[in-house]
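Asks: Residue numbering for the sequence shown follows my numbering, starting at 1 and increasing by one per position.
Misleading hints may appear alongside valid ones.
Said to hold, decoys possible - What follows is a set of in silico ranges between Cβ atoms, one per label pair, in the way DEER data are often shown:
1. K49 x E112: 19 to 29 Å
2. K95 x R179: 20 to 30 Å
3. I18 x K102: 52 to 62 Å
4. F118 x K39: 33 to 43 Å
5. E88 x K39: 29 to 39 Å
Hints are computed from structural coordinates only; laboratory data are not their basis.
Bear in mind the structure is a predicted one, so any value in this text is a computation, not a measurement.
Positions of the beta carbon are idealized from the N, C-alpha and C atoms, including for glycine.
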Amino acid sequence: MLSLICSLNNLLAWVIGIYTFTHTICMIVRMGLRNYARKPLDLQKRYGKGSWVIVTGATGGIGEQYCVQFAKEGFNVVLIGRNKEKLEETEIKVKEASGSVKTKVVVADLGETVEVGFYQKIYDQVKDLDVSILVNNAGWGECCHFEDISLDWHLSNLRVNAGAPTMLTHNLINHFLSRKTRSALINVSTIGNNAPLPYMGIYCAAKRFLTIFSYYLTDNYGDKIDIQNLTPGFVSTKIVNNYNGPDSITPEKCVKSSLRDLGQEFTCLPVPAHSLTAQMFHTLYRYSKPLYRMLLVNDLEKRSLKKYYKDNKE
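Using the sequences provided together with the hints, build the complete structure.
Replies: See below:
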């Protein structure tokens, strides 16, 4: 009986290994075709010439690049963020990218509240614009032990990463559905949405919510709205302490990949390296949690955890 159980375990291990290997090869081939053979759509033609894009978290990193790249495509841009000076700096870059586009700055701290009145005030500032695309980019997290951060901080994290996309999407959904041309919604998630990154549980949980929310939206509104779930790996931004390793990409590269896939792909993994990382995370977390934690905990402790406690000690 014991030998039979061992044989079945070995067989199961082989099946899992073959499946994972085959799935990885297919994913690599698909990513290669997507990166080097696919042509981006004419976004102006698809979503409406002279229409507007709303970008949250527009003060830097990925959000700033969304503003710049959409401006280059000819879209007018609404910049949402909590720091007026940084928003104005991004606005200047948008004007430099395309002097013909219009801009609008909306100062709002999305981590402050999820009250209906707060988001109604934001909507009132854009309701007369032909908004065709919403980019739910605003997000932040901290690499630290769960118990060492206040409950207010955790709630603010959830408000930014999960509450804000829900509220903004709800405010704009009827407008999108009433437009004669298609609209688009980009939710910026993370590869950590399927396998939680150590010390970043709340952040990853909120991004998992955002991914499920994206699935729901595309199932129910995909006939009128293009939904993209952007799930990058490491991007050189403040949230990962501007990490610049071999598996990291620039915000510009990340956003260009997103625009390339917009209207053609639900899940956007910007580069092949991120696809491989996502597959590795998922496989290790599912089948070998000790190895998963060993690899990631060591890396995050060296790169982010010690920095957090050093900064807060000082």
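Asks: Determine for every hint whether it applies to the structure shown.
Replies: Hints versus structure:
no.	hint	in the structure
1	K49 x E112: 19 to 29 Å	35 Å, violated
2	K95 x R179: 20 to 30 Å	26 Å, holds
3	I18 x K102: 52 to 62 Å	55 Å, holds
4	F118 x K39: 33 to 43 Å	41 Å, holds
5	E88 x K39: 29 to 39 Å	35 Å, holds
In terms of the numbered hints stated before, the structure departs from hint 1 and from no other.
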